[in-house]
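K.L.:
Here is how the chains run, residue by residue.
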Amino acid sequence: MRHMRSLNKKAARIEDYVASRTEDVVAMQDRPSSQQRPHVPMGCALMFTPGWEVDAAGGTAGLCQPVERDIYDCFVSCYWPAQVPDHLNNAPDWTAKCATATKDWRNLDLVFP
Amino acid sequence: MTGTEATTRVYRLGEFHRFEAEGANFLYLVPAGAIFAVDTAVRKLIDCLTPGELPHDRLVDDLAAAGLSIEDAEELIAEMFHSNVIVARGSTPDQPTPLPDVFPIQTLVMNLTNQCNLSCQYCYEFGADKVATPEGKPKFMDLETAKTSVDFLLAQSGDRRSVHITFFGGETLMNFPLLKQVVAYANERAQEQGRHIDFSLTTNATLLTPAIIEFLSENHIGVTVSMDGPKEMHDHLRVFSNGRGSYDIIEPRVRALIQNHRTRPITARVTLTAGVSDVIRIFRHLKQDLGFHEVGFAPVTTSPNQLYAIGNQGMDNVLDQFHALADEYLEHALRGESHGFSNVSDTLAELCQGVNKSHPCGAGLGLLGVGPSGDIAPCHRFVDSDQHALGHISTGIDKAKQSDFLRRGHIDSKYDCHTCWARPLCAGGCHHEAFVRYGDTGHPNLHYCDWIRDWTDTCLKIYGAIAAKNPGFLQQFAERKAS
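Sequence order for the protein chains is D and Y.
Just so we're aligned, residue 1 is where the first sequence starts under the numbering used here, counting upward by one.
Just so we're aligned, residue 1 is where the second sequence starts under the numbering used here, counting upward by one.
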């Protein structure tokens with residue numbers, strides 16, 4: 001919470017509840033911070049381009065986004081039919097609800113053939 | 001929640017009490033009992049909604065006009081909405097959950113005798129407003145009843161690791177031989193079960209001897225002495241049956257108690273009456289001259305027509321003096337020192353937990369009284385009253401009577417309290433006081449509402465000031481109810 005600071009036990013419980021209702025998930029952080037914009041998963045990749053991030057060690061093992069979101073860029077800019085939803089034939093609307101990847105990445109769902 | 005839902009809401013202020021301390025702003029959220037420090041943006045939002053309710057977009061506009069960015073305004077509104085500082089039109093308050101069927105007892109108050117060697121006029125057990133009907137009942141509790149009571153406490157306390165016995169009277173020490181036996185028996189039974197019992201007692205101190213003091217200290221028994229101040233005040237109403245005051249008898253005994261009982265803090269409990277209301281002088285005498293660790297005050301429980309009843313003007317005078325001692329308490333707390341005015345520390349402890357009471361106290365719920373006859377009462381104040389008995393120690397709690405007592409005492413049935421911001425702590429006030437004043441244990445104690453609100457506000461300000469300047473001091477209250 002940015003505007004109220006809890007001072008007793010009951011207030012601490014309310015603070016937890018409000019956080020669960022208002023604060024967003026920020027990758028690689030134990031607790032959401034009060035400053036969470038822009039929604040870039042700092043700490044695990046150098047830029048927000050799902051599918052192409054590398055973690056601090058240069059690999060992908062430490063990445064925090066679910067795999068279906070990590071392959072977004074494979075779908076949009078680099079057609080790779082084996083591992084990603086096939087936008088030419090079978091899943092042309094996979095990104096229809098994802099106008100801006102940094103905000104709408106949650107809308108990228110699994111594809112069930 | 002979706003964005004659309006939020007933007008169609010019409011907001012109004014929720015239920016809270018604002019207060020300031022040390023130049024900072026705070027909110028006490030009702031009925032949660034939560035205390036928050038708030039920033040200026042919250043103040044602006046409250047100002048926007050003070051004239052009346054506003055739709056979401058209009059509220060955002062007003063906040064923007066007050067200097068917030070649109071994004072900040074949205075975020076602020078979401079925070080305030082989910083914490084109930086503001087509520088949406090059409091929303092209904094959460095309904096209280098019903099009491100659990102089985103509520104484990106924590107404390108048993110054992111009235112070892114209903115006899116007393118003093119004749120204090122204001123006594124709720126013997127005075128004009130008494131509720132007890134001791135005629136034909138035993139005057140002293142016997143060992144068998146006492147043992148059954150201990151067994152009852154252990155059996156009815158569920159899986160509580162630690163339980164409590166308070167010895168009471170009459171004058172408790174008139175049955176000291178039984179007290180010793182109960183301590184031994186209770187410790188033995190608790191040990192068998194791998195549990196812990198602690199003990200305390202209330203006494204008028206007239207019968208204290210070095211041997212008794214040694215026993216109390218060795219067994220870690222907490223002691224509260226009923227004492228009303230320096231000699232002329234104490235002797236005003238705390239007299240023997242021949243009218244002679246008891247101060248000279250108890251003064252050396254109290255000094256010996258405080259000096260030699262080293263295992264628990266010793267507390268004085270003062271009853272304020274029309275003739276005895278010089279709070280500051282009483283406090284100085286008991287705390288500084290005699291050396292009590294804590295001193296607590298309570299106005300006498302009485303019907304308003306008794307001569308010793310404190311009238312409204314007297315209560316205002318008492319409150320002024322409470323404020324002066326409260327200021328002192330805060331100065332001590334900011335230095336990390338104990339002050340000893342337990343009316344403040346008891347309230348701070350409840351504020352720290354954020355209590356939100358369904359009932360004013362644990363009477364009939366986690367606390368029960370047992371009289372010399374073995375009758376179970378909601379608390380020690382109702383012991384020996386046929387009208388209020390909740391069963392017998394040999395047959396257990398009369399569930400029907402207990403639930404009737406609890407239903408009438410529940411905050412839900414006290415309509416006058418429903419708009420009061422102090423109800424999370426007060427919950428209508430003492431059942432016994434209500435019965436003496438209004439003839440119904442479930443009646444809210446309307447004669448001291450303003451007083452309670454003023455005192456709660458005072459303690460909130462102290463809490464806020466300590467939280468701002470010396471938050472470590474509050475840690476003792478966080479731990480206080482840990483067991």
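Keep in mind that the hints were calculated from the coordinates and are not lab data.
Built from N, CA and C at the ideal position, the CB exists for glycine as well.
There's no promise every hint is true.
[What the hints assert, rightly or not] Result set (EDC-like, lysine to aspartate or glutamate): computed pairs, CA atoms no more than 16 Å apart in a straight line: (1) D/Lys9 <-> Y/Glu331; (2) Y/Lys287 <-> Y/Glu337; (3) D/Lys9 <-> Y/Glu71; (4) D/Lys9 <-> D/Glu23; (5) D/Lys103 <-> Y/Glu71; (6) Y/Lys461 <-> Y/Glu331; (7) D/Lys103 <-> D/Glu15; (8) Y/Lys461 <-> Y/Asp316; (9) Y/Lys469 <-> Y/Glu75.
[Stated by the list, open to error] What the simulated footprint calls covered on chain Y by chain D, stretch by stretch (three residues with Cβ under 8 Å from a Cβ of chain D suffice, anywhere in the stretch; the number is not a length): (10) 28–36; (11) 74–80; (12) 301–313; (13) 340–353.
K.L.:
State for each hint whether it applies.
P.N.:
Here is how each hint holds up against the structure:
| no. | hint | in the structure |
| --- | --- | --- |
| 1 | D/Lys9 <-> Y/Glu331 | violated, 24 Å |
| 2 | Y/Lys287 <-> Y/Glu337 | holds, 14 Å |
| 3 | D/Lys9 <-> Y/Glu71 | violated, 30 Å |
| 4 | D/Lys9 <-> D/Glu23 | violated, 21 Å |
| 5 | D/Lys103 <-> Y/Glu71 | holds, 15 Å |
| 6 | Y/Lys461 <-> Y/Glu331 | holds, 13 Å |
| 7 | D/Lys103 <-> D/Glu15 | violated, 25 Å |
| 8 | Y/Lys461 <-> Y/Asp316 | violated, 19 Å |
| 9 | Y/Lys469 <-> Y/Glu75 | violated, 28 Å |
| 10 | 28–36 | holds (count 6) |
| 11 | 74–80 | holds (count 5) |
| 12 | 301–313 | violated (count 0) |
| 13 | 340–353 | holds (count 3) |
Violation of the numbered hints given earlier is confined to hints 1, 3, 4, 7, 8, 9, 12; the remaining hints are satisfied by the structure.
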